[in-house]
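A.B. asks: The opening residue of the sequence shown carries number 1 in UniProt numbering; numbering runs sequentially from there.
Bear in mind the hints are in silico, worked out from the structure with no lab data behind them. One or more hints might be untrue.
Distance condition first, Cα-Cα at most 27 Å in a straight line; then the derived BS3-like pairs of lysine-lysine [as the list claims (entries may be wrong)]:
#	residue 1	residue 2
1	Lys23	Lys36
2	Lys61	Lys23
3	Lys46	Lys23
4	Lys61	Lys36
5	Lys61	Lys75
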Amino acid sequence: AATSHPEHKSKPKQKKSERDVGKTLLPVARVQKILKADKEMSTCGKDAVFLISVAAEEFIKRLAQAGHQQAQRDKRSTVQQRDLGT
1 AATSHPEHKS KPKQKKSERD VGKTLLPVAR VQKILKADKE MSTCGKDAVF
51 LISVAAEEFI KRLAQAGHQQ AQRDKRSTVQ QRDLGT
């Protein structure tokens, strides 16, 4: 006898670059760990950790875009380390 599989309702696919309101793409625990490693940094509240995460996301995004553009100018499809420093 054939068994039927229950229908799995999934939510619509979301782009990786889009974040839910109040959430970040970077793991909060990792950001907190990095902040704790800085001896000059005092403890941060949840809002501060969130804003630092958002700022880090924006920095990474802009760095990646600039590297990609430099690789394109050099007629390459692969971003290299030197593309990120120019």
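A.B. asks: Are the hints correct? Go through all of them and say.
C.D. replies: Hint check results:
no.: 1; hint: Lys23 / Lys36; in the structure: holds, 20 Å
no.: 2; hint: Lys61 / Lys23; in the structure: holds, 16 Å
no.: 3; hint: Lys46 / Lys23; in the structure: holds, 11 Å
no.: 4; hint: Lys61 / Lys36; in the structure: holds, 24 Å
no.: 5; hint: Lys61 / Lys75; in the structure: holds, 21 Å
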